[in-house]
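Trainee: Each chain, letter by letter, is given below.
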Amino acid sequence: MNKVWKRTYSYYFLLPAAIIYLVIFILPTFMSFFFSMTRWTLQDWTYTGLENFKTFFEESSLNIGFKNTFVYAAVTCVLKVIFGLLLGVFLTSKIKTKNYLRSVVFFPTLVSTIAVGIAFSTLMHPTEGLINTTLAQLGISGPDWLGDTRYALLSVAFVDVWKGVGFATVIYIAGIMSIPAEYYEALQIDGGGSWHKFWSIILPLSRPATNTVIILAFIGGLRSFDILWPMTGGGPGFATDVIASIIYKQYQAGFYGLATAGNVILFLFVSVLAFPLSLYLNRKEVDL
Amino acid sequence: MTIASAGNTRKYVAILSGVLLLGGLLAGCGSSNDNDKASSSANNSSSDNQPSAANNSSNANTNADANAPSTNDTDKPQEKVKLTLLIDNQQDTVNVAKALVDAFQAKNPNITIETETRPAGSEGDNFVKTRLSTGDMNDVFFYNSGSLMQALNPEQNILDVTGEPWEGDVIDSFKQTVTFNGKQYGAPYNSSMGGGWFYNKKIYAQLGLSVPKTWDELMANTKKIKEAGITAIIGTYKDSWTSQLIMLADYYNVQAEAPTFAADYTANKAKYATTPAALRGFEKLQETAGYMNKDYLAANLDAGLKMLAEGKGAQYPMLTFVIPTIAQNNPDNINDIGFFAQPGDSADKNGLTVWMPGAAYIYKNGQHLDEAKKFVAFIASPEGMAVVGTVSKPTGPYVIKGAAIPDDVPQVVKDMLPYFDSGMTAPALEFVSPVKGPNLPQITVEVGSGHKKAADAAADYDKDVEKQAQQLGLAGW
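Chains H and U supply the protein sequences, listed in that same order. Here the first sequence is numbered in this note's numbering, starting from 1 and rising by one per residue. Here the second sequence is numbered in this note's numbering, starting from 289 and rising by one per residue.
Read the hints as simulated data drawn from the structure, not as lab findings. Hints may be right or wrong, so weigh each one.
Stated by the list, open to error - Straight-line alpha carbon distances no greater than 27 Å define the calculated DSSO-like cross-link-like pairs of lysine-lysine that follow: (1) K490/U to K501/U; (2) K490/U to K600/U; (3) K368/U to K395/U; (4) K557/U to K54/H; (5) K751/U to K67/H; (6) K54/H to K559/U; (7) K512/U to K600/U; (8) K751/U to K54/H; (9) K3/H to K98/H; (10) K417/U to K54/H; (11) K511/U to K600/U; (12) K67/H to K741/U.
With the sequences and hints as input, model every part of the structure.
Mentor: What follows is the structure in structure tokens.
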């Protein structure tokens with residue numbers, strides 16, 4: 001037996017997976033870098049250099065888009081961490097209907113995002129929607145949740161949190177349950193109360209869970225599109241446009257090269273924000 | 289030693305096959321202009337070979353386009369042929385296609401037509417473009433006329449039907465919307481429609497208003513309606529395309545003031561922001577801000593039509609293609625609704641902006657071109673239009689000479705006829721110029737909701753248009 005063959009033959013089993021990964025993931029990624037520099041009609045292309053990037057950055061709604069994307073990502077991320085943590089603590093405590101409530105919290109995650117978007121845009125209708133008709137019963141006249149440019153983005157972010165918090169909660173439940181019981185026993189001996197338990201044990205020791213939730217929610221927020229589109233379509237006007245919706249509109253208009261350039265920009269934007277954040281968070285993690 | 293070389297061979301085979309795979313993908317995905325013909329004819333021969341390999345194998349090197357019909361004509365004239373037809377999934381289109389197919393099959397028993405539906409709107413545009421680019425298009429397909437047709441790369445994909453016997457029956461204003469570089473590519477499959485203002489006659493009668501001939505009269509009516517406590521203008525900005533209507537339906541007035549606007553605009557010599565007549569469209573839209581229903585940002589088209597029919601709103605800038613929907617959902621109210629063209633600034637120049645029907649196109653690389661031509665000729669005949677009229681209420685006159693609209697159409701359609709009879713019509717700008725910016729709905733929402741001034745919106749739109757023209761690769765941008 002040849003030594004090289006013997007040493008490397010196990011890697012040949014990776015080959016099918018590697019080819020699939022190459023063809024379906026790596027290759028399109030690099031091709032998109034190329035097509036972002038062309039005027040592309042699916043049938044033929046003309047090389048245009050960095051023209052598409054220039055055009056994309058000149059897009060009049062892009063300023064709003066970048067700002068909205070960042071605000072949206074930050075708001076959904078923070079709220080998912082806060083609600084996820086609180087629900088996680090609540091659902092790991094000694095309550096009787098724990099399993100039932102866990103299912104309830106997780107349920108929205110299972111529903112199709114588009115369906116959630118359509119349902120909430122109906123609920124948030126300014127005159128006929130359930131939310132405002134209920135508020136009217138209480139004597140409050142509710143705002144136009146999705147039509148008023150001041151609230152529209154936050155309304156969508158709220159729905160995103162409602163839908164995504166179940167996932168954050170599950171991560172937190174796992175994180176909290178993995179904290180060894182000794183810590184709680186030590187706290188009991190020292191005479192600490194519930195507040196100390198939360199502040200001194202659960203919060204610092206579920207740090208890995210927090211980091212996971214932050215990274216996932218932040219990246220998800222940066223490229224969020226599927227819930228926003230059925231609810232506002234980027235409107236009214238351009239008020240709730242995010243980068244992903246701007247890209248989608250270019251694609252819709254048949255500007256495939258330009259849309260690809262937008263995707264490359266989004267890819268770089270997400271990378272520039274997410275990698276340093278991930279590094280920073282991981283450095284602060286503590287071992288159990 | 290032998291095993292080692294076998295191992296190496298395997299490695300080389302693996303690398304080689306990987307490279308081949310990669311090369312194949314690249315060839316399949318990207319092709320420059322020079323390669324286009326080669327790749328599309330490769331598509332032809334491969335698709336031709338599958339169903340009848342024996343027939344075609346001897347002619348594998350000849351042009352498939354010329355080959356397929358000739359075999360059908362000479363060898364087996366009575367052979368059963370199956371055509372496929374691609375249409376959008378709107379109920380009206382489905383009804384029209386079914387009626388046309390049934391009537392055609394009854395006359396041509398040796399041809400059967402199978403209908404396939406696709407999504408409407410921009411998803412449908414991408415569907416059609418993908419089908420064409422993969423060489424997998426149906427024999428005949430219904431698609432928009434005007435700028436959207438031009439985006440399909442017609443010279444490469446669609447059969448030229450210039451000089452077909454039925455061509456003379458098609459009215460000229462339609463012909464120009466399916467013409468690209470002097471060649472005609474499609475035949476109309478339905479009636480034209482108008483863009484203008486629907487109004488509720490009961491409210492007009494109740495307040496003693498008359499149909500406005502100038503924009504000032506329209507705004508005076510609007511003020512009176514608002515003072516009477518009725519929603520003066522119906523806004524349905526949830527379907528943001530509906531916000532464009534005032535601006536687009538103003539094109540007749542633009543053309544009346546600046547007859548060369550379309551050509552100058554296409555050639556990048558005229559701009560919305562700097563052409564006063566064109567800017568008027570945005571200004572008119574700006575003037576309507578504040579007269580709309582309270583929930584105009586959340587209301588959709590269906591809600592708007594319901595408000596109009598039930599008299600909860602008085603006026604609705606819209607396309608007449610919605611008439612069948614109103615007739616179906618509110619049959620008792622259809623005669624309460626009237627229609628007038630969007631007025632200009634002087635009463636003697638009052639005309640209608642017309643939207644052209646979609647067209648039936650023949651896929652150039654299809655296998656049964658003769659049968660497909662026969663089907664399209666049937667569609668584009670007065671007989672074909674009569675068949676269409678039995679299932680789809682016309683939303684305006686037909687664009688085939690000799691095809692009259694039936695007498696029992698609702699009054700709102702008859703309201704359009706005087707404009708046609710007196711020749712006071714113009715096709716909408718999107719049918720005479722390939723240039724149309726994709727962000728117009730969002731921009732008009734901003735203007736209509738009072739967030740942006742007309743001049744700024746026009747400048748924004750000019751920028752949007754510039755981008756589109758550059759992406760289309762038009763000359764002079």
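Trainee: Tell me the numbers of any earlier hints that the structure contravenes, in ascending order.
Mentor: 9
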